[in-house]
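On the provided structure of chain V, position chain S as indicated by the hints.
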Amino acid sequence: MMAAALRGSVVTLAKGLTGTGPWWQQLAARSLNMTASLGGPEAPPARADATFKVTMVPGDGVGPELMTAVKEVFKAGDVPVEFEEFHLSEVQHMDSDEKLEQVLASMKTNRVAMKGKINTPMEFKGELAGFEMKIRRRLDLFANVVHVNSLPGYSTRHNNLDLVIIREQTEGEYSSLEHESVPGVIECLKIITREKSRRIAKFAFDYATKKGRSKVTAVHKANIMKLADGLFLQCCAEVAELYPKIKYENIIIDNCCMQLVQNPYQFDVLVMPNLYGNIIDNLAAGLVGGAGVVPGESYSAEYAVFETGARHPFAQAVGRNIANPTAMLLSAANMLHHLNLEYHSNMVSDAVRKVIKQGKVRTRDLGGYSTTGDFVQAVVGNLRHRPMY
Amino acid sequence: MASNVWRSMLSHVVGAAKRPTVCFRRGLQTVTLIPGDGIGPEISVAVMKIFESAKVPIQWEERNVTAIQGPGGRWMIPPDCKESMDRTLIGLKGPLKTPIAAGHPSMNLLLRKTFDLYANVRPCVSIEGYKTPYTDVDLVTIRENTEGEYSGIEHIIVDGVVQSIKLITEDASRRIAEYAFEYARNNQRSSVTAVHKANIMRMSDGLFLRKCREVAENFKDIKFTEMYLDTVCLNMVQDPTQFDVLVMPNLYGDILSDLCAGLIGGLGVTPSGNIGANGVAIFESVHGTAPDIAGLDMANPTALLLSAVMMLRHMGMHDYGKKIETACFDTIRDKKVLTGDLGGKSKCSEFTEEICRRVRDMD
Chain V
1 MMAAALRGSV VTLAKGLTGT GPWWQQLAAR SLNMTASLGG PEAPPARADA
51 TFKVTMVPGD GVGPELMTAV KEVFKAGDVP VEFEEFHLSE VQHMDSDEKL
101 EQVLASMKTN RVAMKGKINT PMEFKGELAG FEMKIRRRLD LFANVVHVNS
151 LPGYSTRHNN LDLVIIREQT EGEYSSLEHE SVPGVIECLK IITREKSRRI
201 AKFAFDYATK KGRSKVTAVH KANIMKLADG LFLQCCAEVA ELYPKIKYEN
251 IIIDNCCMQL VQNPYQFDVL VMPNLYGNII DNLAAGLVGG AGVVPGESYS
301 AEYAVFETGA RHPFAQAVGR NIANPTAMLL SAANMLHHLN LEYHSNMVSD
351 AVRKVIKQGK VRTRDLGGYS TTGDFVQAVV GNLRHRPMY
Chain S
1 MASNVWRSML SHVVGAAKRP TVCFRRGLQT VTLIPGDGIG PEISVAVMKI
51 FESAKVPIQW EERNVTAIQG PGGRWMIPPD CKESMDRTLI GLKGPLKTPI
101 AAGHPSMNLL LRKTFDLYAN VRPCVSIEGY KTPYTDVDLV TIRENTEGEY
151 SGIEHIIVDG VVQSIKLITE DASRRIAEYA FEYARNNQRS SVTAVHKANI
201 MRMSDGLFLR KCREVAENFK DIKFTEMYLD TVCLNMVQDP TQFDVLVMPN
251 LYGDILSDLC AGLIGGLGVT PSGNIGANGV AIFESVHGTA PDIAGLDMAN
301 PTALLLSAVM MLRHMGMHDY GKKIETACFD TIRDKKVLTG DLGGKSKCSE
351 FTEEICRRVR DMD
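Chains as they are written, first to last, in the UniProt record's numbering: chain V, 1 to 389; chain S, 1 to 363.
In case anyone wonders, no lab produced these hints; they're calculated from the structure.
What you were told as hints is all true, and nothing was included just to trick you.
Straight-line distance between alpha carbons at most 27 Å, and here's what the computed DSS-like set of lysine-lysine pairs gives: (1) 226(V) x 97(S); (2) 113(S) x 226(V); (3) 211(V) x 247(V); (4) 354(V) x 211(V); (5) 131(S) x 336(S); (6) 75(V) x 360(V).
With beta-carbon atoms standing in for the labels, derived distance ranges: (7) 220(S) x 91(V): 28 to 36 Å; (8) 342(V) x 113(S): 56 to 64 Å; (9) 237(V) x 113(S): 27 to 35 Å; (10) 85(V) x 343(S): 51 to 59 Å; (11) 53(V) x 152(S): 45 to 53 Å.
All residues carry an ideal CB built from backbone N, CA and C; glycine is no exception.
Next comes chain V alone, as it looks inside the complex (with noise of 0.2 Å):
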């Protein structure tokens, strides 16, 4: 404990000396990062000596697996991070609601985590919601954004893919609202409040704004549900008026799929509710390489979760060694950067790159037969040869 601490310390100096790091970023107390634009509290402040903690849910599937190999990767670069590991799930009766409490707790504390998807079976006894949907309404996390970028090395059908995909994730179809009215007859309920929209609306085009986007597209069904993607459409038509620099544009979900299979290019960054931002992002996963490589992450006004970006538990890879760490790797090294060790987080992912272009090793789903122990330990070999800024 005491070494680590040291040792982090020695890191910090050593940085500090040589000026490779942002050394004078780091003893700022305000972060330039996201939450920042958001007005809330931000990201814990720095500490140029101690290690930072960190929730940690595994989750089901290759959860675990994939947690492995960010510690492993996070150990050989001596990143000074500590994890605190839970582990949550529904489907292996490891559920309780002490335990969800427990998890909640340390990520007030903590306010920054990693998850892996936590599976919400298809048997329900009691509750509708699952604990992934308990999480982020008790969080509010409120925003998901998964940035899809093609990875160089790797190529697919469409190549240079730079988009961004901001789906609502509170509210929409997933308000776990379903009763039968009559045997044979089911309600689900779909509920879209101009709050909600409004503040999504508004994340979006701060983002564009922070990240020098131009263009901001609402995606929509407003044909059909008038009033609900109607209200959801008004409000992201209001926002867009307080921010002329950035275009504004809307489309139609199914124009919309099929527009990214045909032509990607002429998005930029995508706004909508929540199970149209499930297919998206999926969608827009598939295009540039699938599940295993995009890295996604969930932001409240004061917590920020990271995870991939298409969430499955990939239960047919459990055990089997084949899963993809790529995307849990670049989103680690997206919540380095959260944490403004930007020195770390372009280590990791710059090795994780580097293993992608140079196309040796790569895993099933990218049409190679290394394993994920394999890549790991390519990537581990990678983070030595770090680039001297």
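Quick look at chain S alone, frame taken from chain V:
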């Protein structure tokens, strides 16, 4: 001896009375044709010409569909169109324009309600000669068309909070599942995949899934799988060859069928059919009315033509269907005479003439 002859004669007569009236194969079959708006009339004329050169035994009854207000203020389609469809039971429809703020619901919705068109079938097959990044696509999306998220039941609860209701019923789910499996059997398809989101919408999609599973029990020769909607989207853009027949509720069907249309080249080349209760079937082209090129002989009749081929197959005239489809695909593959949207410079009439020529040469 005489009693034997008498008995056999009697059994013949009784048998004939009991035998169901077989489909009229020898005579001309009538089909209701709804040309539609915009480029509708041109492409309908093209299809009629091609059918003529193939000598298909069909006679067309043209009808117009404009919303009229019936007794009681309810919007409905013109009675002569309804009467014609009820009689012929088969329809071919061009694109209809939905004027905004006309006060009446869309024409497509009216047709759907009038004839209870519960299944929308869209076969998506890659067209050789029209290159897209996705090759070897060969799947069929079957979408429940009457309920689900598009029930149109929405209300403003309080100012700023809107609720939209998604309705799933046992009957509609069972009906669409049965149709999907029968379609698979009749068209020699090997598997049916139910697409759902029952991990999130546990009760509604759970019911849909249960019905699909029950119906699958009666069709043991067809493989039944179930997949989450997001997994389908993910895999569809990476490898569309793994899918065969997909069956799903309304909203997912809308999105997925357009996604699949995008894989093969867009709405201009995708056929579509709507099956109703009582044996009614309306085949249509799903693209828009394209008012900017209407009347300029630039339209591409492929979508309506392929829908008409679907119609022929539905009516049992498989050889005519195959002939016309082959002629159409050969023309596109040759790339010599193509309309503007397919990348060529020919006119609609030239494209039509080329297909007619091929059809005639095939005889």
